[in-house]
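Taking the hints into account, I'd like the entire structure generated from these sequences.
For reference, the chains in residue letters:
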Amino acid sequence: MHRYIPVTETDKATMLDRIGKSSIDELFVAIPESIRLQTDLNIPEGISEPELIKIMKVCADENISTEDLCCFLGAGCYDHYIPATIKHLVSRSEFLTAYTPYQPEISQGTLQAIFEYQSNICNLTGLAYSNASLYDVATATGEAAFIAADATRRKKILVSRAVDPQIRAVLRTMLVNASIETEEIALIDFATDGLNCSAKSNDGVAAIIVQSPNFFGTIEEMKAFSEIAKANKALFIAIVDPISLAILPTPAEYGADIAVGNAQPLGNPMNFGGPHIGFIAVTEKHLRRLPGRIVGQTVDREGRRCYVLTLQAREQHIRREKATSNICSNQALCALTATIYLSLVGADGLQEVARQCTNKSYYAREQLLATESFNAVRQPVFFREFVLAAKSGATKVNELLMNCGILGGYDLSADYPEYRDHLLFCVTEKRSKQEIDRLCQVLS
Amino acid sequence: MHYDKLIFELSATGKSGYAIPKCDVRDIVLTKLAKTLRNSPLMLPCVSEAECVRHFTNLSTQNHNVDSGFYPLGSCTMKYNPRVNEDVAMLNGFSMLHPLQPANSCQGILRLLYELQCCLAEITGMDAVTLAPAAGAHGEYTGLLIIKKYHEQRKDNNRRKIIVPDSAHGTNPASAAVAGFDVVVIKSTPDGGVDLDELKAALSDEVAGLMLTNPSTLGLFEEKILEIAALVHAAGGLLYYDGANMNAIMGKTRPGDMGFDVIHLNLHKTFSAPHGGGGPGSGPVGVKSFLTDYLPLPQLIKTEDEYYEFIVDLPQSIGRIKNFYGNVAVLIKAYAYILTLGAAGLREASEIAVLNANYLKELLRNDYQLAVNKECMHEVVFAGLADKNSGVTTLDVAKRLIDYGYHPPTIYFPMIVEQAMMFEPTETESKTALDEFAAAMLKIAREAKETPEIFKNAPYTAPVSRPDEVAAARKPVLKYSGA
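Protein sequences, first through last, are from chains A and B. Here the first sequence is numbered in the working numbering, starting from 1 and rising by one per residue. Here the second sequence is numbered in the working numbering, starting from 1 and rising by one per residue.
Simulated from the structure, these hints should not be mistaken for laboratory data. Keep in mind it's a predicted model, so treat the numbers as computed, not measured. No residue lacks a Cβ here, since even glycine has one placed at the ideal position from N, Cα and C. Some clues are possibly wrong.
What the hints assert, rightly or not - Here are the in silico distance ranges between beta carbons for each label pair:
1) A:Lys155 <-> B:Asp387: 26 to 34 Å
2) B:Asp156 <-> A:Met1: 46 to 54 Å
3) A:Lys54 <-> B:Lys35: 50 to 58 Å
4) A:Thr395 <-> B:Ala12: 48 to 56 Å
Claimed, not checked - Okay, derived cross-link-like pairs now, DSS-like style, lysine-lysine, Cα gap no bigger than 30 Å in a straight line:
5) B:Lys443 <-> A:Lys21
6) B:Lys200 <-> B:Lys374
7) B:Lys35 <-> A:Lys230
8) B:Lys149 <-> A:Lys156
9) B:Lys22 <-> A:Lys430
10) A:Lys433 <-> B:Lys443
11) A:Lys430 <-> A:Lys396
12) A:Lys223 <-> A:Lys233
13) A:Lys21 <-> B:Lys374
14) B:Lys443 <-> A:Lys156
15) A:Lys223 <-> A:Lys322
16) A:Lys322 <-> A:Lys156
As structure tokens, this is what we get:
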């Protein structure tokens, strides 16, 4: 009897007797004989807890993590400081081992936390409504494109080439299968080319998608793109970074209709890529097109303030084949993490994190250029990430850094063949001056 | 006591629960940096660390959860979530890995993920597995795109229809629609199985595939599965397996052996990863060998010299479906679970899950109306109270169960059963737990006869009772907007 299973042999006998069967196998007679497994699965014998820990520890130790590497890599996943408190709160059984709050009476904890999460996302973006979260920023961008296509009844999306290549790849997968065309807007100096965007915009375009800070870290002229969208009665979809929003204009300020982003930087570990969390916020007009779970405030039969899943008529379990999204779960625990993170850091703390990312990334760029190992590139103002061209080759630089315990920048050549040997460096508030100086020293 | 403060109501300017080292490089003047800066006020809560901890701790206590009590929510497999799995997933050697770091610096995690792919393939009888999908519905979507690509590559361009039984989970038809298919819904037999005549009538050279949950959403094994598979294949379609109910059959039979071509699993159900209040989940997809070229990007492979790496140069792939590769922390927990149970443990888990469901069925069958009078698999569906005269509905029973300290079953699903109540006890509940739960259910049935009026206002013991959902939807308040 396995330690996770509490049914004894005596129990089994009593239960089978009550059911009127003489063996457990009799409960499986509905499975046609020809497909009943005759042998054990080819999976090793079960193990004890100490054995498991040993195996997993060995496996973890075969990796060199950012605990030991000094991380200057971003490109869609960020090494920000995670307050110790978060792990303790998020690991609480009550949050961890509950499911979707279908029964509001015994799920107020999860429901209220999501309500607070939605409130924070609305405040960060300035937009009217948010939902309980989505899988990640890439799928959130796809969902935003669906909203735009539905709202405008148009079948074409313009997306900047300065949008994270992984987001664009997921977007292509989602749109091509929904018979929506995508067209890319060209780059100029690591930013989206406004003239190219204007030239490609017309009354067939459902939405223009621009990211700011973009994949290269560049802060885009969002207002200008938003106006191009408006002029063509298309929606403007902004992909934004939640930490940068502490200092940069909100999507509402520049007239975005939909904002999406990656909330991993808000207290969620990098976790080798997942789980992360995508957020989405929309203007009032698009509330009923929002995908996924939404939590709303109401009162109970005694007039007490409380929270419920609401506007469920949009959702797959009601609309089934007429649904415009199949989203069922959300990233509840990651949303809780982001909520706790924002509660701990507060407005001042988030601004401080954003300010330090800015100061330190500018300092790092200046110092890296001083090593004379890089050529400067023309890049407008940036946040947290910037591009440099490695004179001795990107691979060589990163190998050298790795040998010195430093995780180097992202090599842009695979996604942008024209940027051969260009590295995208990321500097968060976690990096100290000393660490940045060491990075430069290694490359001098 | 009902704790009802919002974090925003604890906020006061000047408070903070956070400190990082002072900035040790020169200050950039932000206004020089960007033409404009944020204009609107940043209204994040300002609270001390202690207040923050107390707030979220108080909130948490208002959740029913697997650790505190029985949670027989059907189709959701609310089994015990082993704590050691949390510990190992949180090892810094995993959680602090950057997804884009070079493969030679993360062979450990890549090997783990590769081995998990192999284990899941073995358990399901499939040839290849991708761990990329973030949840069950995301797995469905991925699997359907693979089916679509398969037909496209064969230039079989008329296959625009996906058949879905009316007993299916709501995500099935929704996923098919989002993947660009036309959905054909077929009626099920009264016992929730596939109606072969309906199926035959729906099959044609326009059908791309059939989506099926087996055991079905009524908790019954589809006895005609081989015949169904043969019919769909003969018509040129593929068979998709919704793995929501996989907890019934581990080590007993495999979807791959039943004739399914594409499957998804819910690691947060069958493989014990915690549900987290609604996610993150994980929905790996398995395929037969003739479909491996279409799996999403990236694919994780093992080279001849035992080196693990991602490859993206796969022109026939459906493309990327998510950032990076899967919800790795969830995948680690599932892998730890499989290692811990082993082949025998997995089989035992399914056997006891089925035994528990059948035992619960026997305990309740006189007072609640069985949807189908047959041996069930891992879950059992009732059509409300046996006595239909009291006027007490399934919703009433569910709300009353809360007063007895239990999470209600899944209610009003499957939609083909009136007043449906779907119980899934899982293998991690003891006989005593089931006996006590059944006693509460019988007591409720008696209350329905004797004091039906008490149901109207149930629950009485929960922090809140019967929230006004109509008002919530009519006038949505979806964020805090000040005192």
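Assess, step by step, whether the Cα of Lys200 of chain B is no farther than 30 Å from the Cα of Lys374 of chain B, and give holds or violated.
-> holds (25 Å)
Note whether the CB distance of Thr395 of chain A and Ala12 of chain B lies within 48 to 56 Å or breaks it.
-> holds (52 Å)
Beta-carbon spacing of Lys155 of chain A to Asp387 of chain B - inside the hinted bounds 26 to 34 Å or not | violated (55 Å)
Agreement of Lys443 of chain B and Lys156 of chain A with the hint, judged by alpha carbon distance not exceeding 30 Å | violated (59 Å)
Does the alpha-carbon distance linking Lys35 of chain B and Lys230 of chain A stay inside the 30 Å limit?
-> Distance ~21 Å between Lys35 of chain B and Lys230 of chain A Cα, so the pair holds.
Taken at face value, is the distance from the CA of Lys156 of chain A to the CA of Lys149 of chain B at most 30 Å?
-> Roughly 22 Å between the alpha carbons, so the hint for Lys149 of chain B and Lys156 of chain A holds.
Is the straight-line distance between the alpha-carbon of Lys21 of chain A and that of Lys374 of chain B 30 Å or less?
-> Roughly 13 Å separates the two Cα atoms, so the pair holds.
Restraint status (C-alpha distance of Lys223 of chain A to Lys322 of chain A at most 30 Å) | violated (35 Å)
Can the restraint linking Lys443 of chain B and Lys21 of chain A be considered satisfied, given a maximum Cα separation of 30 Å?
-> holds (27 Å)
Is the straight-line distance between the alpha-carbon of Lys22 of chain B and that of Lys430 of chain A 30 Å or less?
-> Holds, because 11 Å separates the two Cα atoms, which is no more than 30 Å.
Straight-line alpha-carbon gap Lys430 of chain A to Lys396 of chain A, limit 30 Å | holds (25 Å)
Is 46 to 54 Å right for how far apart the beta carbons of Asp156 of chain B and Met1 of chain A are?
-> Since the Cβ atoms of Asp156 of chain B and Met1 of chain A sit about 50 Å apart, the hinted range of 46 to 54 Å holds.
In summary, the numbered hints that this structure violates are 1, 10, 14, 15.
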